[in-house]
Every structure is written in structure tokens, then in C-alpha cells.
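So the sequences go chain by chain: A and B.
The opening residue of the first sequence carries number 1 in the numbering used here; numbering runs sequentially from there.
The opening residue of the second sequence carries number 1001 in the numbering used here; numbering runs sequentially from there.
Keep in mind that a hint or two might mislead.
For lysine-lysine, the following DSS-like pairs were computed, each having C-alpha atoms within a straight-line distance of at most 27 Å [as the list claims (entries may be wrong)]:
#	chain 1	residue 1	chain 2	residue 2
1	A	159	B	1024
2	A	65	A	34
3	A	159	B	1114
4	B	1114	A	39
5	A	404	A	381
6	B	1076	A	218
7	B	1006	B	1076
If you are wondering where the hints come from, they were derived from the structure by calculation, not from laboratory data.
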Amino acid sequence: MNRQMWVEKYRPKNAAEVMGNEEAKVSFIKWLKKKHKQKAVLLFGPAGVGKTALVHAAARDFNYKVIEMNASDTRTTKTIMEIAGPAVSTSSLDVYFLSIKGSLLLFDEVDGIFGREDRGGVGAIVKIISESQIPIVLTANDPDIQKLRPIIEVCDLIKFREVRPPLIVALLQKICRLENISAEKEALETIVQNSQGDVRSAINDLQTVCEGKRILRKEDVLSIPARNRGLDIRETLRGVFSAASPREARKILNESLIDYDTLLLAIHDNLPLRYSDPENLAAAYDVLSRADVFRGRIGTEEWRLLSYVFDLLAQSTTIAPAAFHPFNIIFPPTKFSLLKRTATERSLLESICAKIGEKCHVSKRSANLEFIPFLKVILKKESDQASKIAAWLRLDEESSNYLKKVD
Amino acid sequence: MRVLNKDEFKLPYLGKEKFGQLMKIGLEYERGLFYIRNISNIESIKDALSEILNEKVVFTQRCLICGKEFLCLDCKYYETCSSRDLPFHCICKKCSDKDDLYDRYVEKSKQRAKT
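Excised from the complex, chain A in its bound form:
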């Protein structure tokens, strides 16, 4: 019997065969046709919905050669520059010899770049993007990861979602026809339901249950367990705030993919939108504060306390379940936005303190505490003396303007 995996055998050969995510497909093809602002694009969304398949299929349609670095490769700075560096910096001879339009660099599952094995990988990718002469495509399951922010800032973003059930059923019906398998529609619908929008897992499950069969009946698929896809942040927040009980909210937190620190901050920001009654809001913050206390006591060893953190988070979001009304979720947490906004300012202040430290032989900390307050006053006066001091410290216009405007 032919043992080839059906996900490979029935991989889309052109973009039209990629099921679902019509809006994302159109956006990506527009980007590939060079109607884009950034050199790189990040396709993000759940696993198995066609991100990588679309890249390969569209590359075939538009005659691009794909150079791929995927999650199984070690992606340190060195290996990235060795493999991708030459590809992005010079025109490929393939353009002339193979009559292709050019190369396209694919970093698959870029959110897997963590850990010691991939040291420096994010920085190398950002460098490659800035110097690249060829299109760069990245895929990720979850772009809401702090370490990916440098990459996100230099990419166009295209969101993929779970593929809708009727489309997956249509695909499975086609595969069954091609494999000469007579399948009951209810059986295919059960497979699709369990896959939760993941086309790859639906095809894998179909192949598993069809092993050795020519007829697929509804009873044959009862053994397939439902996949636990994991909830993203918005699904998590929507779920916990609209839950009818702490138990229901706790169940949603169990399925969430989000780290507990981010969850705590996100729930903190959204509580005032959830509870219009001040007493309920006060009660919710009281419970949340206790969750925070437990979180602080976990440290690096007391992980058994994490269960209490989740219990208390679930309680904080379900103080008055009957009083729930839909509201616009705030995310990312305001702390992240604030840190991002002030990162530039903090970086500028640090460089000013470094210049003062160099000239006045003091530490950056002393420069900040003892020199900056006086320098602000002097620069705001805009006298000749102020200009001379700024010139002596080698402060550029941006630094001077920053000191003049900040309190």
C-alpha cells in the first residue's frame, strides 16, 4: 500500500488550491507582486491553516525559488548569515540559468527562535531583512511574543485564521474521491469538527481512519479525540470575562497559550471595562491582587502555587457573571505599550548621560541625577552659553530638543 503522507501527496500546487483565508491570500499575493511597503512579510496564525503551503504554492505560481530555514534548523546568527546572507545579497545565477523570477527567503515558524540553540537569531533575521534584495517571508503561530517585536516592526503582517468547516469538508471529500474511498459525510464532518480549523490535522486524521478501508462510516471516526488547539489572548480574555462561573473561566485559562504574567496584566487592564459597578470592580481587584501575591511567591521553585494564581484569576473575572455585556478588549497590556513608547526616550536619555559621563568623568547614574536637572534648565534658556555647553557635550539636535521639552 502507498504509505505516502496525504498532507504531502495533496499539498496545494498553486495558490488557488490553498483552502480558506481568502483575504490573507489576496494580501500575500499583492505583497509578492511588489505592491508592498516592507521587504518582509510575517504570516501568522494557528498551525495547519496554510501559511507555509501558500508561500510555496504562490512561489510556484510566480516563478520564485524558495530558500527555506525552518524550525528544525538551528538558527544562530552564524548559520542564518551563512545560509541566508549570500542569498539576499547577490543576484542568483538561477535567474539566468533556470529562468526563474528570483529567490524568496522563507523563515518558517520564526516564533520558535528561542533558547541557547538559536542565540542571536532574531537579531540576525532583522539584519538580513534590512540588507535584503529579495523578498523575505516569515511564518509564526503567535506573533505576540516579546522577543519577536524587533522582527514585527520591520514586517508587513498578514493574519491567518482557522479554516472554516465547509472548506475542509470539501477538501476531504476530494481526497476520498481520489483515493477511491467512499466516505459518509457525517464521518468527514466529525473529523473536521475535531480538527478545529487545522487542515493538516484533518487530512492526517482522515488518513489514519481510512487505513485499510474502502468505506468510511461515522462509527469509524468516533475514536478520534478532539484536538486542544489552545486559545490565543483575545479568545482567552473574551472567554474568561464572559464565563458563567469561576469553574468555566478556569477551564478557559487551562486551554490558554498565554503566559500567566501577560494574562495577569491583561486582566488587570480590562477589569474596569468588565465591571461598571464600583463594588464589583473593587472585589475583582481585591481577588486579582491576591493572585499577584501568589505569583510573586512562586519565584523559581514554588510552582505548586501557580494553580492558586489561576484559580484567583478565574474568580476575578467572574465576580458578577449575570452582569456581563460585550466590550472591546484592551491588548497588549498598557504596561507593554508604555514600555515600548518610552523605550526610545530611555535610550536617548541613556546616550545623553553617557556623553555627560565621558566629558565630566562621572557615572551615567550621577549624570542623570546631578547634571541632567541643571542641563534642562540651561538648554531651555536658549542662550549662547546653552549652545556652547550643548556643543561641548556633543549633544545632537534630537538630544537637545528632548531635554528642552521634558520636565
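Following the hints, put chain B in place on chain A, whose structure we already have.
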């Protein structure tokens, strides 16, 4: 429940603040009609509209095969679909019963790509 057309829709007078909020999260406004500019942010847009209108908001779907508009409520997969009521393309009930659905889908995709 408020049904909004996926391509363009009207809203009652909202006031400056709520109008600004909708523009910020990804809607456009022209000649009395609202359009979705940033489909990536559609969940937030739907939540905001539900909050502003104080009722559940659902968007119509457009069938990829016949071009007809329909509601997710008419679909037998309503309970299991994670993007239900969001303004995406899909397959209507009538077309989903056709035997050659996959081939028709691919054909329509190719036609859309040419345009």
C-alpha cells in the same frame, strides 16, 4: 441582534468619541457608509460595535461559489466554527451539498486571482 453587511454598512449617529474609536481600530467612513479597512482587527471591531450598539453584532457572509450573501446562523457548522459571524468568505448551505465543490472552489479562486 444587529446584522451588518460585510462589505459596507450604516450605523446610527455615534458621536465624535465613538466615531473616533471606530476609525482608530480599523473602520473607514465615506458618504454615510462604514467599511472595514483592517480585517486583521475584525474581532476588536466586532466587540467595539457590539459595545457601542449594545447588542450582538453579526456580519453577513458571501458564498465563494455562487456569490450569494447569507448568515452564519444558517450553517450547520455554526457551533464549531471559530470565526462565525465574522465577515469572511465561506460556502453557503446550497453549494456545500454539491459533489464537485472542491473543483468549483479552485476554479473560482483562479478567476478571483486573475481579477
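Holds or violated: residue 404 of chain A to residue 381 of chain A, with C-alpha atoms at most 27 Å apart: Holds, at about 9 Å.
Straight-line Cα separation of residue 159 of chain A and residue 1024 of chain B no greater than 27 Å? holds, 19 Å
Is residue 1076 of chain B close enough to residue 218 of chain A, meaning Cα to Cα at most 27 Å? holds, 17 Å
Between residue 1006 of chain B and residue 1076 of chain B, does the CA-CA distance stay at or below 27 Å? holds, 20 Å
For residue 65 of chain A and residue 34 of chain A, compute the direct alpha-carbon distance and say whether it is at most 27 Å. Within the cut-off at roughly 16 Å; holds.
Would the pair residue 159 of chain A and residue 1114 of chain B pass a check requiring their Cα atoms to be no farther apart than 27 Å? holds, 22 Å
For the pair supplied as a hint, residue 1114 of chain B and residue 39 of chain A, is the alpha-carbon distance within the 27 Å limit? holds, 24 Å
Violated hints for the displayed structure: none, as all numbered hints are satisfied.
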